[in-house]
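S.K.: This is what each chain is made of:
There are 4 protein chains.
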Amino acid sequence: MIETHTARDGEREAVPPSPVYKVGVYGATGYTGATLMRLLAAHPNVRIAFATSESAKEGADGVELVPVAEAPLVSADVVFLCLPNGVSGGIAAKAVAAGVRVVDLSADLRLDTAALYTKTYRMEHPAPHLLPAPFGLPELDRTGLPGARYIANPGCHVTATLLALIPLARAGALTGDPIIADTKTGVSGAGKSLKLDSMFVEVYGDVKPYNIGRVHRHVPEIEQALHKLQPDAGPLVFAPHLVPVDVGLLATVYARLRSGWDLARAREAFHAAYDAEPLVNVLPPGRHARFKDVAHHNHGVVGLHEGAGDTIIVTSAIDNLRKGAASQAVQNFNLMMGLPETVGLL
Amino acid sequence: MIETHTARDGEREAVPPSPVYKVGVYGATGYTGATLMRLLAAHPNVRIAFATSESAKEGADGVELVPVAEAPLVSADVVFLCLPNGVSGGIAAKAVAAGVRVVDLSADLRLDTAALYTKTYRMEHPAPHLLPAPFGLPELDRTGLPGARYIANPGCHVTATLLALIPLARAGALTGDPIIADTKTGVSGAGKSLKLDSMFVEVYGDVKPYNIGRVHRHVPEIEQALHKLQPDAGPLVFAPHLVPVDVGLLATVYARLRSGWDLARAREAFHAAYDAEPLVNVLPPGRHARFKDVAHHNHGVVGLHEGAGDTIIVTSAIDNLRKGAASQAVQNFNLMMGLPETVGLL
Amino acid sequence: MIETHTARDGEREAVPPSPVYKVGVYGATGYTGATLMRLLAAHPNVRIAFATSESAKEGADGVELVPVAEAPLVSADVVFLCLPNGVSGGIAAKAVAAGVRVVDLSADLRLDTAALYTKTYRMEHPAPHLLPAPFGLPELDRTGLPGARYIANPGCHVTATLLALIPLARAGALTGDPIIADTKTGVSGAGKSLKLDSMFVEVYGDVKPYNIGRVHRHVPEIEQALHKLQPDAGPLVFAPHLVPVDVGLLATVYARLRSGWDLARAREAFHAAYDAEPLVNVLPPGRHARFKDVAHHNHGVVGLHEGAGDTIIVTSAIDNLRKGAASQAVQNFNLMMGLPETVGLL
Amino acid sequence: MIETHTARDGEREAVPPSPVYKVGVYGATGYTGATLMRLLAAHPNVRIAFATSESAKEGADGVELVPVAEAPLVSADVVFLCLPNGVSGGIAAKAVAAGVRVVDLSADLRLDTAALYTKTYRMEHPAPHLLPAPFGLPELDRTGLPGARYIANPGCHVTATLLALIPLARAGALTGDPIIADTKTGVSGAGKSLKLDSMFVEVYGDVKPYNIGRVHRHVPEIEQALHKLQPDAGPLVFAPHLVPVDVGLLATVYARLRSGWDLARAREAFHAAYDAEPLVNVLPPGRHARFKDVAHHNHGVVGLHEGAGDTIIVTSAIDNLRKGAASQAVQNFNLMMGLPETVGLL
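Chains as they are written, first to last, in my numbering: chain U, 1 to 346; chain E, 1001 to 1346; chain B, 2001 to 2346; chain L, 3001 to 3346.
Don't read these hints as lab results, they were simulated from the structure.
Please read these numbers as outputs of a predicted model, since none were measured by experiment.
Just so you know, not all the hints are guaranteed correct.
[Said to hold, decoys possible] Capping the alpha-carbon separation at 27 Å, the derived lysine-lysine pairs in DSS-like fashion look like this:
(1) B:2192 with U:192
(2) B:2195 with L:3292
(3) E:1292 with U:292
(4) E:1292 with U:195
(5) B:2195 with U:57
(6) U:192 with B:2292
(7) L:3292 with B:2292
(8) L:3057 with U:292
(9) L:3195 with B:2292
(10) E:1195 with L:3195
(11) B:2292 with E:1057
(12) E:1094 with E:1119
(13) E:1292 with B:2057
[Unchecked claim] What follows is a set of in silico ranges between Cβ atoms, one per label pair, in the way DEER data are often shown:
(14) L:3084 with B:2227: 42 to 52 Å
(15) E:1210 with L:3044: 51 to 61 Å
(16) L:3265 with B:2227: 28 to 38 Å
[As the list claims (entries may be wrong)] Over the 12 Å line for every Cβ pair with chain L, so calculated as not near, a few chain E residues:
(17) 1042
(18) 1060
(19) 1064
(20) 1145
(21) 1192
(22) 1195
(23) 1196
(24) 1215
(25) 1217
(26) 1268
(27) 1310
For each residue, glycine too, the CB sits at the ideal point set by N, CA and C.
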């Protein structure tokens, strides 16, 4: 397992006397927000200007928290939004109008059209003029991210599933058959809001599918990205399962390959796509991606496996709160501001 | 959740003054053996004649244990074999020769030919003259079980996966496309023998695929049963995942249906197959099979879900030590001896 | 491990054609209420007349649920109250006034005086005329329970701690030094109401003391019972710890013994107190009480251990939802109605 | 929760161009050894000269591993010994003879006399001429550590229990009454060697006392240190409990205070003892030490709580693999070599 601290030290030595950006964090006390706060506190180019919470007055390390309504938006160069869907987009619009850059961790800016958003989330889009937004999965396409005024930061399911498919779709290797993503997710993915399904006694000892098929609202987001790479790739069958672990996300993806493709060629495509990526590792043959590879780490891992006939299996694991949320947001921030992509992450 | 105890009371009133069979249990201290011992101790038609262990001298409840070499085989009417593959078959042969009936929980009698056994388990078959043996998955086919001199009792992965496919294969509804079974299994499925992969610290916080694709040795057993029902059904892609829970097994199965089939027709087939089955419940629409439905219970549950296009999803859950091992063995014993199928189980 | 079902069968054969009592369950969907519903459904002398829930309309097994306000109180012979403190006592008073017997699982009837209740729970007592109520810990004193019109059923912490001390206090063996009860409790003890401290992610990986010293509201209840047995026994230091397990409660109790007492004599006192008790087992020397001895069982276990000098250690374990709540309530019901004490429990 | 990384950054800027020591790690693949390897890999004054394993050839990050017999002992300036008791002392003696400094994480050098070692561990001491060794609990007494040729590094139970008692014993505040330490320990404390008691299925759902009273072999080590500070302090009653968590150790300590002492004065003593300590934090009133305060961190925390009468409660938590083993070893190494005490730890 790569211990991130050493690498970071090396990284930092290479950083010249560097700019410090004032950042604001909206929603600093949820699981994602708290993880983000820790990453930002250790980031050499960041000073936390403010952080918000509607309930708490003080965060970890004694950071003062203010309600959103009292947040000094314009005191920040960049704001990170860890707010509920439907709320986040409105703040994003205000920030953009005020010249403050935005990394939005909600779903509000992820879909390209307000119509698809309304169909998926069953509400009016709070800021349709910001669509389509640059999509912050750098391993998919980072061209729009440097200098972006705002970035839509994808979540854990979308990130893990796309990391398993990007090299194949980019090469046009997928058939039109359904692509199956069977995911296993830790409970922190459900957030910190109180609900019976997230109570210890309910989760303990259980493994539970939920919203399987095409009913989960991440399906349109995954297909939107996938079909940009390969328009004739098949539809997604998406089956998330809740497992009794706090953090981690594993997507086991089953896809069929066009004639001319096999596991060896797929492996080449993955290496071509990810060998230069600092935050995605392709596992050697025989190794499966698992929670322990990535929990409490900022990178993701993918493994490739023989299925049957033209079916390939890809295992893809990330820490849902890090590469699936907060550390991806820092990665996007770094790209946005022209910093080395992995500052504060390795 | 259906509380089984009440039902049992009703059941038992219907049982006439009934025979008591002397049974021997080989391998009584493993996780399966210990579960079986508890079920048998509560079974009204059973008296435990002997139980074996190579290490312990006394089991739960103070039952005396003897080494296999000292077991009084012929004192039993029926023996249950919870022994390692390769060892079990030899004892089975000895018992059958001595006129003692056998329920074998090992893999030794499950494959129809010695050749397939040798290819799969990489050893000589210990008792080829017993093949093919009656296959003890009653919901698949119970015709050969009443009066059988020996029965091969399938294990947890095979049972859960086949319960998800039987109604479709029986109706010829499957296409020739690969069938995907993504399973999540509790740690007791790995048995009680000491290995690093089963240590608490290794498993805690992890979700881990293992032997995925077509390399797991249960693949031939599942396909053997499946292709008897529907010879032109596709090959199996089998992907087990270890989860940090003690008992439970969930198979999430993805299958494509022939033209003319849809979810509603599949649901009819499942009800036709299982409505009269005492130990398999078809869940109502919208309910997913999960560990909590079946842990510490003797029955299995299956749920049906829309996928995409012609792809259907079936969730199938059992307690790996019960319907996936020990309680299925009791069910087979009941059928073998002409007892009501669920005595000691409801 | 004693398999309870067999024993029950024996028990039941001995029961003559027996009365069936109509019971009502208030608060049937909490963790205690649901456990009680399962026990009552299997109880041969019980028919469930009604069950209440403010939120759900249907319980497990399809039992219809009504709000408290619509519960047909007088249709029941006996009601079980699994309601919040402060609410329960009022229903108890109404039931008693209507001639309906009561087993109250709340704290409302456990303290002998309204003054102590008000001091402890910081509210007016809802039914002071019912105090003092018969205290439903049969192993402490069952004389007042047969025929009682209402019984205060103690909870898990009180039961486990008292089971560790009753034989010593009854013999006057305790000194006036502080008695230390360090308890470890499963999360279901905190109930099913939504709170951050009971969320999976908060509890996972943690062991956490709470309300330690003399601030926990169970201290007065334990001391009330203890000092009736031995008025000059020392005060209680009570230190509960939340552990990441669903059910189970272990009290590790440290007590000093008067001159003339040692571990051997203490052991005799425990055997004298509990050998005839059907629901408490004294473990043999060298065995420690642990969660696995009691989880999902109706009995408790106690172990005795050498400390230092005059200090003895007693380990005492119960299932917090069973001997610490629901099965104790059934035990009290059986005593109240003149049934064999363990009907429905062994 | 205090995030250590930020602090480290500040720390490191203060470090002058600094020496690099070659270190060898004996036993690099156990849970402690692997944690130590990660800490050392990130330590700016360390270069790993070699690491040993009898089974593996390659550690995390691809570090080459050699058997002990092939380890180039003299190539190191300092060796860390994560070896079994009885083996470690022999290597320590060889290293010292060769002029290589030693931090011994086994128990071999912790007791002051060979006689007490033989009585406690029931074997001959492997290196009696090294006794008594400097005892590496810096918060107890760091005077003997700078420049030491070898240091006995105490383990998790001893560290957590002593951290709860040092300020009181140093002030002579303890009475002669038994001192009770009720500890809760994560499973990694039992090490990585295969045993049934450490298997997932055995531990899951259980809380289990073991070796309670005065039979645990850490009792003499704790009392040895305690009675040096206050010779007339009472004996220790020590009660460890295994909990189903991977890392963490919580000691809940109950002690009686001499006349003139109360909680407020005790709190002053703790602040006097620890306010200048970089790796021990005294929690504010009302806060209890818990696993989540310290898991995956290098520091410990202590909380103080009112008991009854003269009885005080101290909660003391550490990560058993860090402040209870590997990070304490680094702290001792830093002191030994004249480095700032917390290099590589904050």
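S.K.: Would you mind marking each hint as holding or not holding in the structure?
M.R.: These are the hints, each one checked on the structure:
1. Taking the CA atoms of residue 2192 of chain B and residue 192 of chain U, the gap is near 17 Å; set against the 27 Å cutoff, the hint holds.
2. This hinted pair checks out: residue 2195 of chain B and residue 3292 of chain L have alpha carbons roughly 18 Å apart, not beyond 27 Å.
3. Taking the CA atoms of residue 1292 of chain E and residue 292 of chain U, the gap is near 25 Å; set against the 27 Å cutoff, the hint holds.
4. Pair hint residue 1292 of chain E plus residue 195 of chain U holds up; C-alpha atoms about 18 Å apart against a cutoff of 27 Å.
5. Of the supplied pair hints, the one linking residue 2195 of chain B and residue 57 of chain U holds, its CA atoms being roughly 19 Å apart against a limit of 27 Å.
6. A threshold of 27 Å between alpha carbons decides the hint, and for residue 192 of chain U with residue 2292 of chain B the separation of about 31 Å lies outside it, so the pair is violated.
7. The straight-line distance between the Cα atoms of residue 3292 of chain L and residue 2292 of chain B is roughly 25 Å, inside the 27 Å bound, and the hint therefore holds.
8. Annotation: proposed proximity of residue 3057 of chain L to residue 292 of chain U holds, straight-line Cα distance about 21 Å (limit 27 Å).
9. A distance of roughly 18 Å separates the Cα atoms of residue 3195 of chain L and residue 2292 of chain B; the hinted pair therefore holds under the 27 Å criterion.
10. About 9 Å separates the Cα atoms of residue 1195 of chain E and residue 3195 of chain L, which keeps this hinted pair within 27 Å; it holds.
11. Distance restraint check for residue 2292 of chain B and residue 1057 of chain E: the Cα-Cα separation of roughly 21 Å lies within the 27 Å cut-off, and the hinted pair is therefore satisfied.
12. Taking the CA atoms of residue 1094 of chain E and residue 1119 of chain E, the gap is about 24 Å. The hint holds against a cut of 27 Å.
13. Restraint check for residue 1292 of chain E and residue 2057 of chain B: the C-alpha separation of about 21 Å stays at or below 27 Å, so the hint holds.
14. Roughly 50 Å separates the CB atoms of residue 3084 of chain L and residue 2227 of chain B, a value that falls within the hinted 42 to 52 Å.
15. About 39 Å separates the C-beta atoms of residue 1210 of chain E and residue 3044 of chain L, a value inconsistent with the hinted range of 51 to 61 Å.
16. Our hint of 28 to 38 Å for residue 3265 of chain L and residue 2227 of chain B holds, since their Cβ atoms are close to 30 Å apart.
17. No Cβ of chain L approaches the Cβ of residue 1042 of chain E within 12 Å, the least distance being about 22 Å, so the stated non-interface status holds.
18. No beta-carbon of chain L is positioned within 12 Å of the beta-carbon of residue 1060 of chain E; the least distance is around 14 Å.
19. Even its closest Cβ contact with chain L, about 21 Å, leaves residue 1064 of chain E beyond 12 Å, as expected for a residue assigned away from the interface.
20. Interface exclusion of residue 1145 of chain E from chain L stands, the closest Cβ pair being 31 Å apart, more than 12 Å.
21. With a least CB separation of 7 Å from chain L, residue 1192 of chain E falls inside the 12 Å interface cut-off, contrary to its annotation.
22. The Cβ of residue 1195 of chain E sits about 7 Å from the closest Cβ of chain L, inside the 12 Å cut-off, so the non-interface label is violated.
23. Once the 12 Å rule is applied to beta carbons, residue 1196 of chain E is inconsistent with being away from chain L; the minimum gap is 7 Å.
24. Residue 1215 of chain E, annotated as away from the interface, keeps every beta carbon of chain L farther than 12 Å; the closest lies near 24 Å.
25. Chain L leaves residue 1217 of chain E outside its interface by the beta-carbon criterion, the shortest separation being 22 Å against a cut-off of 12 Å.
26. No Cβ of chain L comes within 12 Å of the Cβ of residue 1268 of chain E; the nearest lies about 39 Å off, and the non-interface call holds.
27. For residue 1310 of chain E, the shortest C-beta to C-beta distance to chain L comes to about 40 Å, beyond the 12 Å cut-off, and the non-interface label holds.
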